[in-house]
Amino acid sequence: MTKFLNFFVLLLLAFIVANFLYLFILPRIDWDFSKTKEAHSFKNQKLKVLVFGNSTAMDGVNTEMLSDKLGPAYNFSLGGASLKTNYIQLKNYLQQNEVPEKVLLFLSSAHTNYVSANDVNPIVNYYYGNTFHIKKLDDIPLFKFRWLFVENVKKLLSSKHRSAEVIKGQLNIKSIVPDQSFYKKNIDTCLGYNYSGSTGYEYLWKMAMLCKEKNIAVEIFEMPCWKEAQNNCADTTIENTVGNSTYHLLIRNFNNYRICNTLLDPQRDWLSKNHLNHYGSIKLTAALQQKLLNSPLGQK
Amino acid sequence: VLFNSTVFLIFFPIVFILYWFVTNGNLKWQNILLLVASYFFYAFWDWRFLFLLIFSTLLDYFTGLKMEQCDDEKKRRFWFWLSVIINLGFLGIFKYYNFFVGSFAEGLSQFGMNVNVWTLKVILPVGISFYTFHGLSYVIDIYKGRIKAERNFVDYSLFVSYFPLLVAGPIERATHLLPQLKVQRKFEAEHAIKGVELMIWGFFKKVVIADSMSLIVNKVYEDPSAFGAGSLVIAAVAFSFQIYCDFSGYSDIAIGASKILGIDLLQNFNGPYLSRSIAEFWRRWHISLSSWFRDYLYIPLGGSKVSLLLSIRNVFIIFLVSGFWHGANWTFIIWGGIHAVLFIPSFIIGSNRKYKEDIVHRNKFFPSIIDLFQIAVTFSFVTLAWIFFRAETVSQAGTFLWRIATNMPGKKLGFENADIIGYIIVFVTFFAISGYWLYRKNHLLQPTRTKQFAVSFFLLILITLFGQFSKQSFIYFQF
Numbered sequence: 001m002t003k004f005l006n007f008f009v010l011l012l013l014a015f016i017v018a019n020f021l022y023l024f025i026l027p028r029i030d031w032d033f034s035k036t037k038e039a040h041s042f043k044n045q046k047l048k049v050l051v052f053g054n055s056t057a058m059d060g061v062n063t064e065m066l067s068d069k070l071g072p073a074y075n076f077s078l079g080g081a082s083l084k085t086n087y088i089q090l091k092n093y094l095q096q097n098e099v100p101e102k103v104l105l106f107l108s109s110a111h112t113n114y115v116s117a118n119d120v121n122p123i124v125n126y127y128y129g130n131t132f133h134i135k136k137l138d139d140i141p142l143f144k145f146r147w148l149f150v151e152n153v154k155k156l157l158s159s160k161h162r163s164a165e166v167i168k169g170q171l172n173i174k175s176i177v178p179d180q181s182f183y184k185k186n187i188d189t190c191l192g193y194n195y196s197g198s199t200g201y202e203y204l205w206k207m208a209m210l211c212k213e214k215n216i217a218v219e220i221f222e223m224p225c226w227k228e229a230q231n232n233c234a235d236t237t238i239e240n241t242v243g244n245s246t247y248h249l250l251i252r253n254f255n256n257y258r259i260c261n262t263l264l265d266p267q268r269d270w271l272s273k274n275h276l277n278h279y280g281s282i283k284l285t286a287a288l289q290q291k292l293l294n295s296p297l298g299q300k
Numbered sequence: 301v302l303f304n305s306t307v308f309l310i311f312f313p314i315v316f317i318l319y320w321f322v323t324n325g326n327l328k329w330q331n332i333l334l335l336v337a338s339y340f341f342y343a344f345w346d347w348r349f350l351f352l353l354i355f356s357t358l359l360d361y362f363t364g365l366k367m368e369q370c371d372d373e374k375k376r377r378f379w380f381w382l383s384v385i386i387n388l389g390f391l392g393i394f395k396y397y398n399f400f401v402g403s404f405a406e407g408l409s410q411f412g413m414n415v416n417v418w419t420l421k422v423i424l425p426v427g428i429s430f431y432t433f434h435g436l437s438y439v440i441d442i443y444k445g446r447i448k449a450e451r452n453f454v455d456y457s458l459f460v461s462y463f464p465l466l467v468a469g470p471i472e473r474a475t476h477l478l479p480q481l482k483v484q485r486k487f488e489a490e491h492a493i494k495g496v497e498l499m500i501w502g503f504f505k506k507v508v509i510a511d512s513m514s515l516i517v518n519k520v521y522e523d524p525s526a527f528g529a530g531s532l533v534i535a536a537v538a539f540s541f542q543i544y545c546d547f548s549g550y551s552d553i554a555i556g557a558s559k560i561l562g563i564d565l566l567q568n569f570n571g572p573y574l575s576r577s578i579a580e581f582w583r584r585w586h587i588s589l590s591s592w593f594r595d596y597l598y599i600p601l602g603g604s605k606v607s608l609l610l611s612i613r614n615v616f617i618i619f620l621v622s623g624f625w626h627g628a629n630w631t632f633i634i635w636g637g638i639h640a641v642l643f644i645p646s647f648i649i650g651s652n653r654k655y656k657e658d659i660v661h662r663n664k665f666f667p668s669i670i671d672l673f674q675i676a677v678t679f680s681f682v683t684l685a686w687i688f689f690r691a692e693t694v695s696q697a698g699t700f701l702w703r704i705a706t707n708m709p710g711k712k713l714g715f716e717n718a719d720i721i722g723y724i725i726v727f728v729t730f731f732a733i734s735g736y737w738l739y740r741k742n743h744l745l746q747p748t749r750t751k752q753f754a755v756s757f758f759l760l761i762l763i764t765l766f767g768q769f770s771k772q773s774f775i776y777f778q779f
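So the sequence lines, in the order shown, correspond to chains A and B.
When we follow the working numbering, the leftmost residue of the first sequence carries the number 1, and every step to the right adds one.
When we follow the working numbering, the leftmost residue of the second sequence carries the number 301, and every step to the right adds one.
It is possible that some hints are incorrect.
[Said to hold, decoys possible] Derived list of chain B stretches under chain A, where covered just means 3 residues or more per stretch with a C-beta under 8 Å from a C-beta of chain A:
#, region
1, 423 to 431
2, 756 to 765
[Stated by the list, open to error] Here are some, though not all, of the chain B residues that point toward chain A, as calculated from beta-carbon distances under 8 Å:
#, residue
3, V483
4, F487
5, V496
6, F753
Derived by calculation from the structure, the hints in this document are not laboratory data.
Don't be surprised by glycine CBs; every beta carbon is placed ideally from N, CA and C.
This is chain A alone, in the form it adopts within the complex:
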């Protein structure tokens, strides 16, 4: 029995050590982890522009360019981040740093359930929750951060991934994967986005109201996607009534196929499905700057 128990306990111990090792390595090699660690440690920063969104914004919004024109900017976007995640990040930043001028929020409603998901990104949960508890099996680090394993294996396999760098929160990758998808048959009919029907809608407004409270201009955009997920929708205004006041928010649609057509090169500007690479991010950010400079005050 002792032999068996030794084997079993050693196996269990090795498994526990592997989990701690994984947790030790991740902040040193993983982009999402290292940037969340960096963003969480911000104290008394004087950033002018904060960018929020999921992986599409993390790859596609060039914060270095934004910084040149609009003042110091940082891209807080994270892979798989929900609006609730973005809200936690924003709230935490505002508690410890100076109030920025602008918050840019990037949605990607056409390709993920981003607006619908209400889960908090596990990395944000890990840093912003301040404590690390293993209450259930799902909390085991190897399980909780398991998608990052393959993401980091990509770096072993691809030199373009290895040479990628995180600059002011933006993941800058020069790898190219052409968009060979086709427009939907009904591309000219705008089916619209169902913002109010999504569970994340609550956090969209929470972010907007938090910005209003602090007098921060908020700008919301739909990120461009591959052709198969593009549409012909115009910009959308959503409204929300709190007490006797009704508030409006304009969501600018960069996923309109006419805009994408003039802005992006399907053969060169994509990194993977719906994710812009370095070249695409430069083009999108230039167009974005133009829009922002045309309405310097933004929505408050």
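Put chain B on the given structure of chain A with help from the hints.
Relative to the frame of chain A, chain B by itself:
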């Protein structure tokens, strides 16, 4: 309780501790504990069907005793048929009633007669096909005088309900399991470590390979007519891996768990996709069921000891019945029929007994080119037949095959880079560890403690990183 559930992770260590530490090695208490644990294991799924299991156990226990006590052949026969008819009756009602009345009504409708038939609206009791077959083999063996009736009710009940094999086998024989339940069990570390290794390997096959493949398979089988030939071929091959890893994964967990408790179960799989012919495939796939049908159906029908025509009939019967055993659907019957058709040529020319050795490439690290070619051909045929097994209807299987045969264009299965990297990692591991087990069996590799540890550790890590933990049940639960 599902093996791939958190409840099992709590249940099994509790049983282990009580079994080896609290019962103090007392055989009677160990068996009582295992029986109670087995009933809990079953009742956790649906306690109402526990009564059916207990009834079936009581029936076979008493008819077994009655048969042994009777000197009169007529009475013996009466008790025997009473048990067989009631056992098969339950199986027929729960599993096949709706199929028969549905097919009957459909048949009548072909002649313009529309009838409304009364169907049963009840779920199939999990494991009914397995424990019914346990009971049947016991009763048949007593009737044939091969074994004595078991007098200890706890031991007999445990033979029928032993939790590792209760819901999806292996289908045990009284001659193999009952004697083990009657002798003092001694804890053997080597045995138990092998059990842990097997359990982890089984979990890997189930939650990593089978459940990942099910994502591809379910997507395509939802609407095969929308997909192109390439995607359909991928789905067909994915199902071959899904069903093998799902079922052999279950068997490995069952055999491993039982090893830890000091009880050996029958081998159920022996590298079936390395078979070089259909006959060999059936000696390696679901061995406990194939041998059950051989011993209790094929041989009583005359086996191959009758005329060629009757022998062919017998082969068809066991393949069709084996198909029907899997489920009340024409797709399973056709699946059995396809295997019969593929088997018959080798049966006629007498090559079906070729490749009877346990190991495909004894004392060699790799099979020969000819072996590899035969393995690939056999795998292709088996995969083709699985299309019927997985399809919801015969026409769906037909559409599936037609689209492949005519190279129809259609939707493609879109894989992200991350998916492809994940599949490469898990499949390389799957083949490497399969090789490890094979070489161990082939005595080309010695299972040192370090190797056992490294393999188990590596698999545990991959289960955590790539396992699908959405509480997917095992495919063979439905049979």
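Each hint tested on the structure:
Here's how the region 423 to 431 of chain B fares: 0 of its residues keep a CB closer than 8 Å to some CB of chain A, so the rule of at least three is not met and the hint is violated. Given as covered by chain A, the region 756 to 765 of chain B passes the check, having 6 residues with a CB less than 8 Å from a CB of that chain where 3 are the minimum. This hint is violated: V483/B has a C-beta 19 Å from the nearest C-beta of chain A, more than the 8 Å allowed. With a cut of 8 Å, the hint placing F487/B at the interface with chain A holds, because the nearest CB-to-CB distance is about 5 Å.
The criterion of a C-beta within 8 Å of any C-beta in chain A is met by V496/B, whose closest approach is roughly 7 Å, and the hint holds. The criterion of a C-beta within 8 Å of any C-beta in chain A is met by F753/B, whose closest approach is roughly 7 Å, and the hint holds.
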